[in-house]
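Student: Below, each chain spelled out in residue letters.
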Amino acid sequence: MGLTILLIGTRKGLMIARSTDDRRTWATGDFQFLNQEVYGVAIDTRHDPPRIFAGVGTGHWGPLLTYSDDIGKSWTEPAEPPIGFPQGSDAAVARVWQIQPAPADQPDVVYAGVEPHALFRSDDRGESFALVEGLWRHPHRPSWTPGGGGACLHTVLPHPTDPDDVMVVMSAAGVYRTRDGGASWEPANRGIQAAFLPEDQRFPEFGQCVHKVAFHPDRPERLFAQNHFGVYRSDDRGDSWTAIESGLPSNFGFALVAHPHRADTLYSFPLQADAERFPPEAKLRVYRTENAGDSWEPLSEGLPRDPYYAAVLRDAMVADSADPAGVYFGTRLGEVYASREEGENWSLIASHIPDVLSLRVAEVA
Amino acid sequence: MTSRLLLPAVLRRYADDQAEIEIRSGTLGTALDDLCKRMPQLERRLRDEQGQLRPHILMFVDGVSVRSGTPMDTPLPDGAEVFVAPAVSGGSGD
Numbered sequence: 001m002g003l004t005i006l007l008i009g010t011r012k013g014l015m016i017a018r019s020t021d022d023r024r025t026w027a028t029g030d031f032q033f034l035n036q037e038v039y040g041v042a043i044d045t046r047h048d049p050p051r052i053f054a055g056v057g058t059g060h061w062g063p064l065l066t067y068s069d070d071i072g073k074s075w076t077e078p079a080e081p082p083i084g085f086p087q088g089s090d091a092a093v094a095r096v097w098q099i100q101p102a103p104a105d106q107p108d109v110v111y112a113g114v115e116p117h118a119l120f121r122s123d124d125r126g127e128s129f130a131l132v133e134g135l136w137r138h139p140h141r142p143s144w145t146p147g148g149g150g151a152c153l154h155t156v157l158p159h160p161t162d163p164d165d166v167m168v169v170m171s172a173a174g175v176y177r178t179r180d181g182g183a184s185w186e187p188a189n190r191g192i193q194a195a196f197l198p199e200d201q202r203f204p205e206f207g208q209c210v211h212k213v214a215f216h217p218d219r220p221e222r223l224f225a226q227n228h229f230g231v232y233r234s235d236d237r238g239d240s241w242t243a244i245e246s247g248l249p250s251n252f253g254f255a256l257v258a259h260p261h262r263a264d265t266l267y268s269f270p271l272q273a274d275a276e277r278f279p280p281e282a283k284l285r286v287y288r289t290e291n292a293g294d295s296w297e298p299l300s301e302g303l304p305r306d307p308y309y310a311a312v313l314r315d316a317m318v319a320d321s322a323d324p325a326g327v328y329f330g331t332r333l334g335e336v337y338a339s340r341e342e343g344e345n346w347s348l349i350a351s352h353i354p355d356v357l358s359l360r361v362a363e364v365a
Numbered sequence: 001m002t003s004r005l006l007l008p009a010v011l012r013r014y015a016d017d018q019a020e021i022e023i024r025s026g027t028l029g030t031a032l033d034d035l036c037k038r039m040p041q042l043e044r045r046l047r048d049e050q051g052q053l054r055p056h057i058l059m060f061v062d063g064v065s066v067r068s069g070t071p072m073d074t075p076l077p078d079g080a081e082v083f084v085a086p087a088v089s090g091g092s093g094d
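So the protein sequences, as listed, match chains A and B.
Just so we're aligned, residue 1 is where the first sequence starts under my numbering, counting upward by one.
Just so we're aligned, residue 1 is where the second sequence starts under my numbering, counting upward by one.
It should be emphasised that the hints constitute simulated quantities derived from the structure, not laboratory data.
Glycine residues also receive a C-beta, built at the ideal position from the N, C-alpha and C atoms.
Any given hint could be a false lead.
[What the hints assert, rightly or not] Some chain A residues close to chain B (C-beta under 8 Å, calculated; not the full set):
(1) Gly72
(2) Trp75
(3) Phe85
(4) Gln87
(5) Asp90
(6) Asp105
Build out the structure end to end from the sequences listed, making use of the hints.
Tutor: Now the structure itself:
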């Protein structure tokens, strides 16, 4: 039986949960990076041994991008800072929000999304990163505003087969796409509303606060977006978007996860509203669509029945690649729930930990 | 011509577990440039990639805070004492 690991990044450290019985039971290890926020985590399985990344906020002492090649026993911090703005750019990395290995046919490429709004690319497996200048110099950038969590580039979506096609998502700038390897970028927000703007300005070219975008690698032209009020689908890789929120109890939320094997299946964790960041009716439920958003069903078997007043953040829900797929989410109440049956039933695998910011899962041995 | 850098406990692991280390005299900026060559992991926790003091760090040279003005231009005479402390700030989300 192989080893599956679940990285649990929290407000105050990183925990690595391990399962050796096909995800039936989990052993949670000691906390690492104590009292330091872990917004971005990644598991790079393209090489042997796999490499774990952590984007750590050390509080007063600045951000840190570090990695481990021994499943968290030791961590490497290069002598040269692996990520930073070029001298004279008048910017400094405040937080590493996202670490995204590229598809397997680009085995040394790793992307990182940071605050302030910027994308970095590594061509040496994350030893060093270079600023993607095309996005940094975008004429729209002076008009991008921070979302509630900061001026973050929080999602990076490399095309599964075209290395020149990369999509990024920023709060509150929206979705941008390059088709030339990062030299130029176009906004891809047509149809997504900016509900916080005056009524006659709610569909701008950019400036939306898109919280997460997900897609299935077998169908990269079909995208799903969780927006700051709005759940959307695009069937033309972001050229246009249509609402798919009918059947959800709310169109607000952060997390959105594509099923690893079925392109029309998607998981969502709705929240009541931006000013009420609780599960609707205080019921802890994941919602699933199996028809690309035409209808949704709640999944709550095994979840607490008592009123639940905690949110799930944008990177705190993931799916593994097993079949049937495992789905995992962590709450701001410091609990992690897992389902090894596609969300049909859930069990608590970690509790009494700080609020969960990020999860990633992979079979590593 | 050296000065002394006094470190809070949380930073000592980046300085071979020492509570204080010698740094070059001159200015605070040149001293930290030199420190970057010897102890880069320590230096990057004090300054960002543009060479600016991180926002929530207090630094005192012979008892005088250097946060205002241009901190890196602060003269470091021979024997100066540079005291580093995390500012009593932040806490959001704790």
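Student: Each hint needs a verdict: does it hold in this structure or not?
Tutor: Cross-check of the supplied hints:
no. : hint   : result
1   : Gly72  : violated, 18 Å
2   : Trp75  : violated, 12 Å
3   : Phe85  : holds, 6 Å
4   : Gln87  : holds, 7 Å
5   : Asp90  : holds, 7 Å
6   : Asp105 : violated, 32 Å
Checked against the numbered hints given earlier, this structure breaks hints 1, 2 and 6; the rest are met.
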